[in-house]
Structure formats: structure tokens, C-alpha cells
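Residue numbers (the numbering used here), protein chains in the order written: chain H, 1 to 471; chain C, 1 to 471.
Be aware that a few hints might be false.
One copy or any two copies: either way a pair holds, since identical chains are not told apart in the list.
Result set (EDC-like, lysine to aspartate or glutamate): computed pairs, CA atoms no more than 16 angstroms apart in a straight line [to be verified]:
hint: 1; residue 1: 221; residue 2: 245
hint: 2; residue 1: 460; residue 2: 359
hint: 3; residue 1: 49; residue 2: 322
hint: 4; residue 1: 470; residue 2: 439
hint: 5; residue 1: 221; residue 2: 126
hint: 6; residue 1: 278; residue 2: 315
hint: 7; residue 1: 49; residue 2: 165
hint: 8; residue 1: 278; residue 2: 63
hint: 9; residue 1: 410; residue 2: 63
hint: 10; residue 1: 470; residue 2: 8
hint: 11; residue 1: 221; residue 2: 249
hint: 12; residue 1: 470; residue 2: 437
hint: 13; residue 1: 470; residue 2: 301
Treat the hints as calculated values from the structure; they're not laboratory data.
There are 2 protein chains.
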Amino acid sequence: MTLYPADDRFAEAVRAQLGDDVLRPVSERYLEEPRQRFVGQGGLLALPKTVEEVSALVRLAADACVPVVPYGGGTGLVGGQVAPDGPTPLIISLDRMSAIRAIYPTENILVAEAGAILADVQAAAEDAERLFPLSLAAQGSCRIGGNLATNAGGVNVLRYGNARDLCLGLEVVLPSGDIWHGLSRLRKDNTGYDLRNLMIGSEGTLGIITAAALKLFPQPKGVGTAMLEVASPEAAIDLLSLARDQVGEAISTFELIHRQGLQFLTEVLPDIRQPFAKPPEWSVLIELGLSAGQDPSDMLEAIYVAAEERGLVGDAVIAQSEAQRAELWAVREQIPEANRLVGSVSSHDISVPISRIPEFIQRGARVVAKQGPFRVNCFGHLGDGNLHYNVFPPAGHDKAEFDAQRSAVKRAVHDLVHEFEGSVSAEHGVGRLKTDDLEDYGDPVRLQAMRAIKMALDPKGIMNPGAVLKN
Amino acid sequence: MTLYPADDRFAEAVRAQLGDDVLRPVSERYLEEPRQRFVGQGGLLALPKTVEEVSALVRLAADACVPVVPYGGGTGLVGGQVAPDGPTPLIISLDRMSAIRAIYPTENILVAEAGAILADVQAAAEDAERLFPLSLAAQGSCRIGGNLATNAGGVNVLRYGNARDLCLGLEVVLPSGDIWHGLSRLRKDNTGYDLRNLMIGSEGTLGIITAAALKLFPQPKGVGTAMLEVASPEAAIDLLSLARDQVGEAISTFELIHRQGLQFLTEVLPDIRQPFAKPPEWSVLIELGLSAGQDPSDMLEAIYVAAEERGLVGDAVIAQSEAQRAELWAVREQIPEANRLVGSVSSHDISVPISRIPEFIQRGARVVAKQGPFRVNCFGHLGDGNLHYNVFPPAGHDKAEFDAQRSAVKRAVHDLVHEFEGSVSAEHGVGRLKTDDLEDYGDPVRLQAMRAIKMALDPKGIMNPGAVLKN
Numbered sequence: 001m002t003l004y005p006a007d008d009r010f011a012e013a014v015r016a017q018l019g020d021d022v023l024r025p026v027s028e029r030y031l032e033e034p035r036q037r038f039v040g041q042g043g044l045l046a047l048p049k050t051v052e053e054v055s056a057l058v059r060l061a062a063d064a065c066v067p068v069v070p071y072g073g074g075t076g077l078v079g080g081q082v083a084p085d086g087p088t089p090l091i092i093s094l095d096r097m098s099a100i101r102a103i104y105p106t107e108n109i110l111v112a113e114a115g116a117i118l119a120d121v122q123a124a125a126e127d128a129e130r131l132f133p134l135s136l137a138a139q140g141s142c143r144i145g146g147n148l149a150t151n152a153g154g155v156n157v158l159r160y161g162n163a164r165d166l167c168l169g170l171e172v173v174l175p176s177g178d179i180w181h182g183l184s185r186l187r188k189d190n191t192g193y194d195l196r197n198l199m200i201g202s203e204g205t206l207g208i209i210t211a212a213a214l215k216l217f218p219q220p221k222g223v224g225t226a227m228l229e230v231a232s233p234e235a236a237i238d239l240l241s242l243a244r245d246q247v248g249e250a251i252s253t254f255e256l257i258h259r260q261g262l263q264f265l266t267e268v269l270p271d272i273r274q275p276f277a278k279p280p281e282w283s284v285l286i287e288l289g290l291s292a293g294q295d296p297s298d299m300l301e302a303i304y305v306a307a308e309e310r311g312l313v314g315d316a317v318i319a320q321s322e323a324q325r326a327e328l329w330a331v332r333e334q335i336p337e338a339n340r341l342v343g344s345v346s347s348h349d350i351s352v353p354i355s356r357i358p359e360f361i362q363r364g365a366r367v368v369a370k371q372g373p374f375r376v377n378c379f380g381h382l383g384d385g386n387l388h389y390n391v392f393p394p395a396g397h398d399k400a401e402f403d404a405q406r407s408a409v410k411r412a413v414h415d416l417v418h419e420f421e422g423s424v425s426a427e428h429g430v431g432r433l434k435t436d437d438l439e440d441y442g443d444p445v446r447l448q449a450m451r452a453i454k455m456a457l458d459p460k461g462i463m464n465p466g467a468v469l470k471n
Numbered sequence: 001m002t003l004y005p006a007d008d009r010f011a012e013a014v015r016a017q018l019g020d021d022v023l024r025p026v027s028e029r030y031l032e033e034p035r036q037r038f039v040g041q042g043g044l045l046a047l048p049k050t051v052e053e054v055s056a057l058v059r060l061a062a063d064a065c066v067p068v069v070p071y072g073g074g075t076g077l078v079g080g081q082v083a084p085d086g087p088t089p090l091i092i093s094l095d096r097m098s099a100i101r102a103i104y105p106t107e108n109i110l111v112a113e114a115g116a117i118l119a120d121v122q123a124a125a126e127d128a129e130r131l132f133p134l135s136l137a138a139q140g141s142c143r144i145g146g147n148l149a150t151n152a153g154g155v156n157v158l159r160y161g162n163a164r165d166l167c168l169g170l171e172v173v174l175p176s177g178d179i180w181h182g183l184s185r186l187r188k189d190n191t192g193y194d195l196r197n198l199m200i201g202s203e204g205t206l207g208i209i210t211a212a213a214l215k216l217f218p219q220p221k222g223v224g225t226a227m228l229e230v231a232s233p234e235a236a237i238d239l240l241s242l243a244r245d246q247v248g249e250a251i252s253t254f255e256l257i258h259r260q261g262l263q264f265l266t267e268v269l270p271d272i273r274q275p276f277a278k279p280p281e282w283s284v285l286i287e288l289g290l291s292a293g294q295d296p297s298d299m300l301e302a303i304y305v306a307a308e309e310r311g312l313v314g315d316a317v318i319a320q321s322e323a324q325r326a327e328l329w330a331v332r333e334q335i336p337e338a339n340r341l342v343g344s345v346s347s348h349d350i351s352v353p354i355s356r357i358p359e360f361i362q363r364g365a366r367v368v369a370k371q372g373p374f375r376v377n378c379f380g381h382l383g384d385g386n387l388h389y390n391v392f393p394p395a396g397h398d399k400a401e402f403d404a405q406r407s408a409v410k411r412a413v414h415d416l417v418h419e420f421e422g423s424v425s426a427e428h429g430v431g432r433l434k435t436d437d438l439e440d441y442g443d444p445v446r447l448q449a450m451r452a453i454k455m456a457l458d459p460k461g462i463m464n465p466g467a468v469l470k471n
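From just these sequences and the hints, can you work out the full model?
Set out below in C-alpha cells:
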């Protein structure tokens, strides 16, 4: 259906219904995204304070066939939050809906508005002596509504799942403007289709999440953190199996790190303290969250000893204090920043079946080498089968020199992922960056079903047009 | 859209395309359901052997506008598996698609066809030294496709989640006959709408699940089981919190048992060995699944001592052998059979927010008493907020005497559940039994979205018509 811009007349209609306070001039930050692949073309910015205001805004947009772009923390990496073309949109920011509405410690549930910053949700849980485990680099600025809209992942997925697994209920404004009051605190409810999970991960194309009932967990009684040199990616996978045998689901983090990442840190972030005198080719960051009566260091040492007997591990650093733990985490957490400073030719957020990761890494090296003398930094959430597979220019060169090769590199890596029955967007989503990939690699029957669902719930196509599904 | 019966002409068309082997006379078991509320009216029975055959069958049905009833193990309790009215359907049984297609121990994944019996899936996981945790009374005859179609629950939901949480990927024949090849082994894949969870719990109204990639887990190194007398439902909830503080997510089972259930066992199943000399008003069955280095008896005793100090628990039996463990489980598992032998006036599979359960139980007793001198057996998955709240005739009377009151009792209980923001189908689904409840209690915006999705994916309305959504 034809869409129309959010023009002055539309702004007048908004003011007439909602007053002057809800609209704001669009500042730059609503038109940018972290990787600068997409630049928003302006639009009308609304900052509603209640779900009823969101509903009224969407209803006005639906009546006038004006596109709507929902805006959370703006930290998404695939351009889902900015509309670079088409009629200028109504941008609905959730900034002013940031309350923690309620917390139910006995039920291990917290109800937050969509605009609540992830770190604030974590802190509210901690105040109640509970854990909200979603944890990712952008947690100081991303907002929980965006985390849910993109089904965010992060470093604790291995144990606690991604954003989808941490949500019990949603309040959503549908493309009609209707409000779905689905803030359920029920752990079990089998009364009909799973609208909640349909909304989660739909990246603002099926509705606007305005609040969520989130699952909390007991805080671990003891936390153990270590960085271990591993002989190979195979050895890392074997180490994970071995650790699982010993401590079950207590492994909250299992991150693979390649030497390239440590070398980048040395180059561009030399203040980061490196765990090993000589950077090993492969290492893993492991963290255990344990219950009462289990000593973290003992558990990690037992894992190390068993792994050492099998020749899986070399050097190891087991954190002996909170400060040492923070140092180990800084290594993992600053690798993306080092990558950004070095500047990649092409970055890939991929997953493949876990047992095929070693083969994928070998094949990937050959595939990339064919494209040119690139450096690869491959790291990430090994326990989830999710690697950040980033390709960099040779030392001494700038990424700009390889702009012309970017799409060929990306295509080569993504083709390989597809051959391995993997995903070209493991945790970042499709946004506007990967709509072509979805067309190229997605199951056609699934795509057809997705289009049918989009048409059923958003017949005018106003919700975040151009994201997930191509126009 | 008008539907037509699966008549002789349609059977001919099936035989012409798929040969004589796929069709069978409809035996009684395909027309019955355990509670005998619905009786199937016959139809054409197909037993396909491959997903391609399922696809061809559905395509023929779609072309001829013939209703399709997917059939798993037939153990569902809400009549989703039988069509009592409307044009006689094509019944597609998955009996002959029961293979375990593959198992990936390193990845903790098993791929099973929809017709695999749940107990066989559990056994295949065990053979690979893994755990498939879905566990429920019907596991010897229910089939995994039906478990997924109904998002089955059971006794391990507290720790491992329901069927939805145990599935990574699906192969599904959509109402068009198209095959969605979604048997993903990926733990993370954010490429578009969550079709998997939309299919799970849709009770055969959006497609036929033909295979699933299922999550496996490490087998616990030690299992501890105990039955504890608790002072009240409040005390049971406090005990759960206390146990969680001590052992985190290791609690796999936390089941509430009321004296009424133990008395029913004494009456109708006297061979079941009772744990307590005098049945306590309230007790709980708790089971821990522990990792290496944790002694189950020590952990349970520590929980008991702490709970005893706070006055939460009275008598307790901690299983000291596998035989004792089986005895404790038999008590819990045979309560539904005892209920069946006694004969309920009305049974309710409900959930409410966990912290409100004590209040619900008090209010429920008053609400039922107003309806008559009934006995209530309230038991079940307390940790999930899911109670089986069953109402029985007074001692010495038969349920048939109260047939006229059944709907009033049900309505009174369900009204109360609704007032408590609960669900009238926590784990059994909607089927044909609870479509009216969905209309009465469901969020109208959500219902509208469900209808739009149904229309989008099944425009002719052939898939399990009358289930979940009223015709």
C-alpha cells in the first residue's frame, strides 16, 4: 500500500490529539547507527510517555498510512532503527517509557517498560537479590524493548538463553494501534498461538513492544572465571563437553578468543592487561556460576586438570579476585572496540552447528585467503555456535582501500555459512543490512509464511518498512 | 470457506497419487480421546511414511477443501485430536514416521520424526548419555509431534521448560502442502519471524509438524528425591525459594500434593505405598539433579534443616535408594489415575502467578463450596504456578449425579482463575474443549491477531478446524 510522509499536516494531527509535548525536533542520534552504514533521512520524532500515547500515535499513522520506525537505544548493528529512504517516518522513541513497573521476587519476575536501559534492569534485579542475565557490550545504552525486538544474545546465552528465553509476557501496540495486554506473569499458559515469540525478534515490523514481564534468576553463590589456552577449536569444544560433564549447566560463559584479537588489543588498546605473556593462537574465557557449597576455584582447577590430562589445554589463568576477574573480562569485552579501531573490511555475525565449527574455521581461512591477504579475527560465543567472524585489511593498510572488495568477501563468507547450514545473523538480526541475505539464503517457504504474517498483522505496511522483509 | 468431506472420490484421488498403502480403515482409537468428551465421526485415515507423503496429502486436501486432523499419540486431554462434527476429515496419523533421524552428542541435539514415542526419544538420549527432560504421565504412548503441537509440560518444566523450550528446529507441512525445512541445529539464529514457536502450541491448526530438532542436556550426576510435609501452600512457596537459594536451578521437580490425593490413593489404589503414616494436609515432592561433587542426600538434608528452622516443614522422607525414589514418584504419578477412578465432576488445568497461589486455594475452596458439598483435589506443578484443580463428588456419590452442575462448577473456577490473571489451560492446550473459554477470557486483541494469522497461513481453514479457534 502507498505510504505517505510524516509531514506538517500529520504533525498537526498528532498535536491536536496528544498535545505539544509528545513531538520533538529530530536530533542526529535518532538518524545514526553505530556502523554508519545507514543514515536516517529525518522524520517526525515522538516521545510518548504511556502505552495509550503509543497506541494513539500508531493509530494516527495507520489512518494516514505514515511509516513508523520504533526506536530503542539505537545500538542495533543492522540498521533496523533508521529509515534511509521512503517517505519520512514517524519515529517513536521509547526513551520516556523507562520505568521498572514492578518486581515480584517470590515469582522471579520483573516488569519493565520498553525504554528501560538494560543495565538499569540488571541493577533493579540485583537490588532484589536476583539476576537478570541478559548481558552484552551495549548494556549501558541499549533498551530492553530493543533487546526483545531484536532477540538480543550476548555472553550468557549458553546458560540462560537469549532475550526470547528471558521473557514471560509483553505489552505491545499492534500496527492497528490496538494494545495487546499480554504482560503475563504465568510460567505456563497454553491458550493459543505464541504471539509473544512472534513479536520478539520481529524488529519492530509487527508492532511496538511497550513493556515486558522478564524472568529473574537466583544469583549464583560463587562465580569462577578463567582464561585457558586451548590447543585448537576442536579442543575448545571438547573442553566445553568436559566442563559440562563436571558442572552441568553452571557454565554461563564460554567464549573463544583468537590470537588476532589479542594482537589487536596490543596494537590499539595497549592499556588492557593481557592474560598470557605470549598470546596463544586459541584461548577461551570460561565463567561458572555456582550454587552453595561449591568452590569456584576448586571446580575450575578440577576442569583444568582433567582437560590437561587429555591434552586440551596449555597455559591458564584462574581469577583469584574480583579485580582479576574484571581484567579477564576486559580482554573479551574490548575486542569489539579493538576491531572497530583497526577497522574491518567486513564483519559477520554467524552461527553454524557447534560440531562443525573447527571445519568451518579451516575452510573460512581458505575462502578468505582467496579474496586477498586479509587478517581474520574469529571470536565469540563458542558454546552457542555463534562466531563473530571479522575480516581485516593486512597490517599497515586501511579498510577504505578494500571497499570495493567488501561485498565479495561478505558473499564468500556467507556462502560458506550457508553451505554449513548456518545462519548469517546469529544474534544481531536482519534489520536493513541483511534483507538481501534473507532472500538469498532463507527457506522460501518460511519467507512466504513470514510475508503472509506481515500482511495479516500490518496490511498497510506501516511498521518499520524495509526492515526484515524487503519492500 | 466451505469444506467438503473426505469421501470416496477424495480417497480415490489419494490412492491415484500415493498408492494403496497410505490409506487405512479408521479404527476406533483414532476416534476416541481419553476423557470421552468428544467422539470422532469417522473419516479417511492416512498413515504417511515420509514428509513428502504428508505434503502430498495436505496438498490434495487443500485442493479439495477437505478438513485435515493431524493425529499423534491420541493422549491429548482437550479433544484436539478428534473432529466430532463438520465434514468428515482426512485423519493424518504420524504413526509410521517414528524414526530417530540423527543424534549429535557434541551438540546435545537429537532429531526425531513427529511420530516417535516420547519414551523412545528419552531412551535414545539416554543411550547417548544425555537427558531429554520432557516427562509426563503419557510418555509411553504420546508422540513427540503431538507434544510439540500442544507445547506439552510435565514434571520437569521448572528446570528445563516445556516442549517449546526443548526444540531448536522443525520440519512442518504448512496448510498449502508446502514443506518448511526448518530442522535447524543452531542455538542462535536471528533471521526473521519465529515460525517455530508459532507452530509449537498451535495444536495442528497451522500445519503438521513432521520432525523436530530437540535439545538434549547433560545427565545429572546425582539425583535426590524427597517428600516433605509442608505447613501450608505459603510454606511450600517459601520452601521453594529457600531451596533455590541453596541449589540454584538444580531443582527439577517441585510438586504440591494435597491430602485429598493421598486419601484417594488409599481408597482406590491401596497398593501404592504412602510415604507418611498419617497423610499431611499439604506435602511436596522435590527432586534435585546435581552436578559432580554434590551429594544429593546432604543437599536435601541441608534444605530440610534450614526449612525446619523456619517452621516450613514437618515430617520428611528422603529417598535412600532408587526403589524408594520410585515409591515417592509413584505417589505423585498415580494421583491422576486415582482421580480418574474416583471420577471428577470437573477438572481444571490452571495457572496463576505463583505468589498468589495460597490466596487462590483459599478463595477456590469457598467458590467450590458455594456450588455444593464437593471435594477438591488440588495438586501439581507448584514451581510453575500450574495446579490441577479437580472437583469431586462427596464421598459415597458418583460424578454422574452432578452432571448438571459441571458447567457451573467449571465456570466458577475459571472465573476465579481469570480474576487472578491466570490461565484456564496451563499445559493441556485449548483443543475443542476450551474454545469457549478462549472467547470468554482471552485478550480480544490477541484473539484478533490469532484469527488473522490463521487466515493468513490457512486461508481455506482446512487444518484441524474447530480446534483452538471456533469456526
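My question is about residue 49 and residue 322: at a cut-off of 16 angstroms on alpha-carbon distance, are they close within one copy, between copies, both, or neither?
Intra 39 angstroms, inter 58 angstroms, cutoff 16 angstroms: neither.
Evaluate residue 470 and residue 437 at a C-alpha cut-off of 16 angstroms and name the case that applies: within, between, both or neither.
Answer is within; shortest intra-copy Cα gap is 11 angstroms, inter-copy 39 angstroms.
Up to 16 angstroms CA-CA - residue 249 versus residue 221, copy category:
both (14 angstroms within a copy, 12 angstroms between copies)
Residue 460 and residue 359: within-copy, between-copy, both or neither at 16 angstroms Cα
Neither. Shortest intra-copy (45 angstroms) and inter-copy (46 angstroms) distances fail the 16 angstroms Cα cut-off.
Under a CA distance limit of 16 angstroms, which applies to residue 410 and residue 63: within one copy, between copies, both, or neither?
neither (40 angstroms within a copy, 42 angstroms between copies)
Within, between, both or neither, where residue 221 and residue 126 count as close if Cα-Cα is 16 angstroms or less
This pair counts as within: shortest intra-copy Cα distance 13 angstroms, inter-copy 30 angstroms.
What label fits residue 470 with residue 8 when the C-alpha limit is 16 angstroms: within, between, both, or neither?
Neither, since 28 angstroms and 45 angstroms both go past 16 angstroms.
How would you label the pair residue 470, residue 439 (within, between, both, or neither) given a Cα cut-off of 16 angstroms?
The answer is within: 8 angstroms in one copy meets 16 angstroms, while 35 angstroms across copies does not.
Alpha-carbon proximity context of residue 278 and residue 63, limit 16 angstroms
Answer is neither: 63 angstroms inside a copy and 68 angstroms across each miss the 16 angstroms cutoff.
Tell me, please, which holds for residue 49 and residue 165 at an alpha-carbon limit of 16 angstroms: within, between, both or neither?
Neither, since 27 angstroms and 34 angstroms both go past 16 angstroms.
I want to check one pair: residue 278 and residue 315. Are their C-alpha atoms no more than 16 angstroms apart within a copy, between two copies, both, or neither?
Within one copy only: 10 angstroms inside a chain, 60 angstroms across chains, cut-off 16 angstroms.
State whether the alpha carbon distance between residue 221 and residue 245 is at most 16 angstroms within one copy, between copies, both, or neither.
Between copies only: 8 angstroms across chains, 20 angstroms inside a chain, cut-off 16 angstroms.
Violation of the numbered hints given earlier is confined to hints 2, 3, 7, 8, 9, 10 and 13; the remaining hints are satisfied by the structure.
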